Structures are given as structure tokens and as C-alpha cells.
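**Student:** Chain residues, written in single-letter form:
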Amino acid sequence: MPWKQGYTISDEKSLADAEVHWPDGKRCAIHIVVDLSVASGPEGIGAEDLASPAAAFAVNDGLEGLLDALARQALRATFAVPAVMAECYPDRVKDIVGRGHEVAAHGFKGEDVSALRREEEKARIALATDVLAAIAGRRPAGWFALPRQKDAFAGGAISANTMGLLLEAGYDYMGNGLADDLPHYWVTDFASRQAILTLPYYYHFDDQFFCMFPTEGTGLENPDALLRNWRAEFDAQYRRGRFFGMTLHPQHSGWCHRLAGLEEFLGGLGRLSDLWNPTGAQCARYWSETYPAAKSLKLAPSIWQDYPGSLS
Amino acid sequence: MSSDRRSAELAELKAAAAQQGSRFRRFEDLCWPKGARIAVNITVDFDAMLLRRLNNEPPMELAKGEFGGRVGVWRLLELFAAHDIKATIFTPGRICELYPEALRAAARAGHELADHMWEHRVPKEADRARDHLMKTAAALEAIGGRRPVGSRSHYPPSLLHEQGFIYNSHGARSHRPYSVLDERGQPLLLELPFHFAIDDAMFFSFAWYRSGNAGQRLADTDRVFDLWLAAFQQQYRQAGYLNICLHPFVSGRALRVAMLDRLIAAMKAQPGVWFASCEEVARHCLAAQTACVAPKAAPSP
Chain A
1 MPWKQGYTIS
11 DEKSLADAEV
21 HWPDGKRCAI
31 HIVVDLSVAS
41 GPEGIGAEDL
51 ASPAAAFAVN
61 DGLEGLLDAL
71 ARQALRATFA
81 VPAVMAECYP
91 DRVKDIVGRG
101 HEVAAHGFKG
111 EDVSALRREE
121 EKARIALATD
131 VLAAIAGRRP
141 AGWFALPRQK
151 DAFAGGAISA
161 NTMGLLLEAG
171 YDYMGNGLAD
181 DLPHYWVTDF
191 ASRQAILTLP
201 YYYHFDDQFF
211 CMFPTEGTGL
221 ENPDALLRNW
231 RAEFDAQYRR
241 GRFFGMTLHP
251 QHSGWCHRLA
261 GLEEFLGGLG
271 RLSDLWNPTG
281 AQCARYWSET
291 YPAAKSLKLA
301 PSIWQDYPGS
311 LS
Chain B
1 MSSDRRSAEL
11 AELKAAAAQQ
21 GSRFRRFEDL
31 CWPKGARIAV
41 NITVDFDAML
51 LRRLNNEPPM
61 ELAKGEFGGR
71 VGVWRLLELF
81 AAHDIKATIF
91 TPGRICELYP
101 EALRAAARAG
111 HELADHMWEH
121 RVPKEADRAR
131 DHLMKTAAAL
141 EAIGGRRPVG
151 SRSHYPPSLL
161 HEQGFIYNSH
171 GARSHRPYSV
181 LDERGQPLLL
191 ELPFHFAIDD
201 AMFFSFAWYR
211 SGNAGQRLAD
221 TDRVFDLWLA
231 AFQQQYRQAG
241 YLNICLHPFV
251 SGRALRVAML
261 DRLIAAMKAQ
271 PGVWFASCEE
281 VARHCLAAQT
291 ACVAPKAAPS
301 P
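Which chain is which? The protein sequence lines are A and B, in order.
For the first sequence, this note's numbering begins at 1 and goes up steadily by one.
For the second sequence, this note's numbering begins at 1 and goes up steadily by one.
Only true hints are included.
Output of the computed footprint for chain B on chain A, the stretches with three or more beta carbons under 8 Å from beta carbons of chain B:
hint, stretch
1, 9-21
2, 152-166
3, 201-211
4, 235-246
Derived Cβ-Cβ restraints for the label pairs, each shown as a range:
hint, chain 1, residue 1, chain 2, residue 2, range
5, B, E78, A, K298, 16 to 22 Å
6, A, R193, B, G164, 42 to 48 Å
7, B, S158, A, F265, 54 to 60 Å
Note that these hints are calculated values from the structure, not bench results.
Just so you know, these numbers come straight off a predicted model, no measurement behind them.
The beta carbon of each residue, even a glycine, is placed where N, CA and C say it ideally should be.
Just chain A, with the same shape it has in the complex (with noise of 0.2 Å):
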């Protein structure tokens, strides 16, 4: 079997921490993605979840309550959009990019793209780089594939084409992949050594799973936890000079005092000056120019064998 297929998406072994170098001298980088899905579960958005009383609260006091607390701490962040979230709302979409943020897609609606097949997973990359270059006004450099809070597992679903197909519609990134608490390499194809550039994503740091977890009502309120999460997630990666990664929704961490308590965590991280806080499409030409796919990814040669009685 080639290399290590189906097991394993990247080399061996992570940069260690003494190989990690930020711009300008920076410690650390804190990269802060907002979800704009309303979606609850794997079929994506649908019209229920667009006249939700979530999804109003998502698009008007939520949203404006991030965006305000980003404003005040002065910092920066990647919004992962829906295709139909920006048809639907495309002067949110517009007032986004002009406070300095960065539009990246999520999908045509955030849905789980597992079972497409390829024509079909393809022309929905199309449509929604289209429709978002459209609002945004600018192409999207940056695809995500986050997870909804019905789904069966909490890392993002994918294909089996999404990523090569990612690379040939050009994107820059995927701003979801659990294999390293760095930006990484998912290799799409082991004998060209073609791969995309992978920003970490983890669910302990997504507000979904902490907010009513996994659903409104019946669901579990844990907003302390996640708040300890963070910020040991936090001192622990300044320390080590690596990455923080978080995940927000206006509807969870825009409410009330989950938006307190974050904005006391960001609060906190501006008294830091080494901080590097890129949005997704900053720190991925960042790392792929200092650390190109040529030179830092590893592949050793497979010494994967087949043997009777063993998963190939």
C-alpha cells in the first residue's frame, strides 16, 4: 500500500517548539475564527435554523457583541462563512471585511459534504468561492469545514476529495485539522508530495460543545469550563511558543455573560506584546513562505506492510 494511506494525513513527527519562529520576534500566534453557520446538524443550514430565534440573536447581537469586543481589544479574526449565510446577510458580510476582518468560506451552507460525490462536492467549492469573492469582494484564501453540534463526531466532516479539491480551486488553507497544534501539511497525494496548508483546530476551544451542548434546552451549560480551557490551552502554547486556536458562534459566546468572560480572557492576552494575532490567510502565506512544503514536510518511505488477518 502507498505510504501510510488512510492512516495518516502528514509526516512523522511536528516541528518541535525550539523550531517554531513567529514575525518580528513574536512569542506566540492566537488565531480567532468565528463560525457564522446557524446550522445545527450534518444537512447544514436549512430555512428552520434561518428563522430560529438563535440564528436572529446570531446576526444581530451576537455578531455585533464580538465584533465590538474584538474592536476594543484591538484584535483580529478569521470569519468562516457560509456561502448562503453571505446571500442572506451580505451588509454583515461587508460591514465584517471593512472592520479589518477575513472572510474565509465554510461551505455552500455548512453542511457535511462526506457523502457527495465529487462533481457535486466540486461545484459547491465553485459556487460558494463565487458567491463569497461576490459580497466580500474578494476571493476567499481560506475554506473551513467546522463541526455542528448534532454531528457524530466534533473535528469537521470532509470527503475523501475535499482537500485536492480545495487545492485546485486555489485555496490557500484549511482552517480546520486536528493532526498538530501548528500550522501543518495534509498531504493529498504522497508521490507528487502535494499537500495544503492546515491551520489546527481543537473542540475544546469551539464554544459550541461548552453552550447548550447539543441542544438549546435539553442541553449542557458549561461556559466555565471552556473559559479554563482557553486560558490553560493559552499558557500553556505561550509558553512553548506555538499557536492558539479558538472557535466562536455569536449565538454561544455573543450571549450575555459568555461574552463577559471572553472578553475578559482576550482582555487579558493584550497585555501580552509578543503576541502574533494573523487572521487565517496572514499566518497561512506566513508558514507556507518560512516553512514551505518542500523543505519542512518529511515523508518517510512506507515501511507499512499487509498481512493476513490485518486491516490493509
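Let chain A serve as the given structure and place chain B on it in line with the hints.
**Tutor:** Same frame as chain A, but now just chain B:
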């Protein structure tokens, strides 16, 4: 229910309880070397993405597991080195082909490499199960230079015994290590008790054992620190034993390495804590069993 059926049911239940009692034996007065008050085994289940692959989970779940091989295992090795602790790395044989460099580093650092099944499952067919166990033992020996003597697995105790294994670390019939007996009441293997309550995945790994969303494990590190320190203190008071189970893809996350660093420091702050590999604890118990302690049968039901 007739009285005959009640009697039959009672007989069946008594037989089940008697069987249970006849298959393991606790040690009385097990004491640790150099007057230590507690033995602590830090164990690492290095399955990375294998279990998720076996369960046919989607790509992002495999990537979540891959973190363990690319990042997590290295951090745990650094943590153990910083605290001068020898750990036991329970390793599926297949990992030898996925992360040989990390395993070589672990062996060089003096950690114990032990069996964790070939691909995180035990085949139902006896021959194939034996084949998997032998393949894993050979793969670990090729990497670490020593044939493993321990396992964390569902293999039958008789098979592990036949293949020269001296302990398993899978069940928790007692707080402290105990003997697993064969049908004639002879010791087959030592069991070093592992408990899910001291397993990082139970607190942190989403969809663990296919658990549903409403039952998710999303604890923060402070909570687990408090729980595990309480477990340590309870065992410390009674000359006990603690087996801490870590997965590199879970505990190798930066926030958890930091928590474990605090936890190990808190344990080390107590006098008389014996941090050892599972093999060391097993050999100590086996020597004590034959040399200095008269084993007492578990109470008959």
C-alpha cells in the same frame, strides 16, 4: 416463580460468584520497596488513530488520533524525562510501522514497551489471536530490543501466559495488583489494575467508544487534576496503587501536559512515592508472592 426455579436461579448465581472468586487472588500485606507508601504506574496507550481506523471513523477523527503520534507522544516523553519517571507504553504492534522513531526514543529513554494488541482488537479465532500477539511481541522486540512481558488487552490470560507474558493491565477487580488464576487455582498472570476513572480519554475524547453527543466528555484540566489527585491521596493513605492511563492524542495536548506536570509534581511532593514501570511493579509483586507474603485466598462467596 416456583420454588424449583428460585432454587435453580440461586444455584446459578452462586456458581457465577464462586467462579469469580476462584479466578483471582489478592495479596495480603503487599508492601512496596524501600518503604514506599504507594506505587504509581504511568501508562501510555499509544493507539493514535488505530482504534478510530478500526471503527471506520471519518478522516478528521483519524487526524485527531494522528496528533498523538506526531506531537503528543513526544511531549509525554519530555514530561517523563523532566520528572525522571519510567513509564510503560502500551503499544499496538501496528504502531511500530507508523511511529518507529518515537518508539525507539521511548526505549532509549528506558521506558517499557508493552503489548496493546496488534491493531487494537483481539480476533475471535484463537490461532489468529495468537498470531496477533506474537506479531506484536516481535515488532516491539525489533524496535526496543526486548521482548515485552506485559500487556493491556483482552487476550485470554492463558494465551498471555503461554507467550511468556507476566502481567496484564486491563481489569480492576481490586485496587492493588492481584493474581489471575487458572482453573486449578494456580497463578497465571499478574493484573495491574487499570480503571476507566483514571483514563484521560474518559474525560477528554469526544465520541469515545462511540458515545453519543448528550454524553460527551469535555472536562477541563482543573477538574481532572482534582479528581486524580484525590485518587492518589486515597491510595497513598492505604499503601495502595495507582495506574494512570494516558493517550498521546489526548494527554499530549499542551494544556494537559501542563496539568500532568502539576499532578506529578504534587505526587512527588509526598514522601515515599514509587514511580515505576509496570514491569517493575509486576516483578516486585511476583517476588513478594513467592518470597515474603503468604497469599490469602479471596473470601469464598
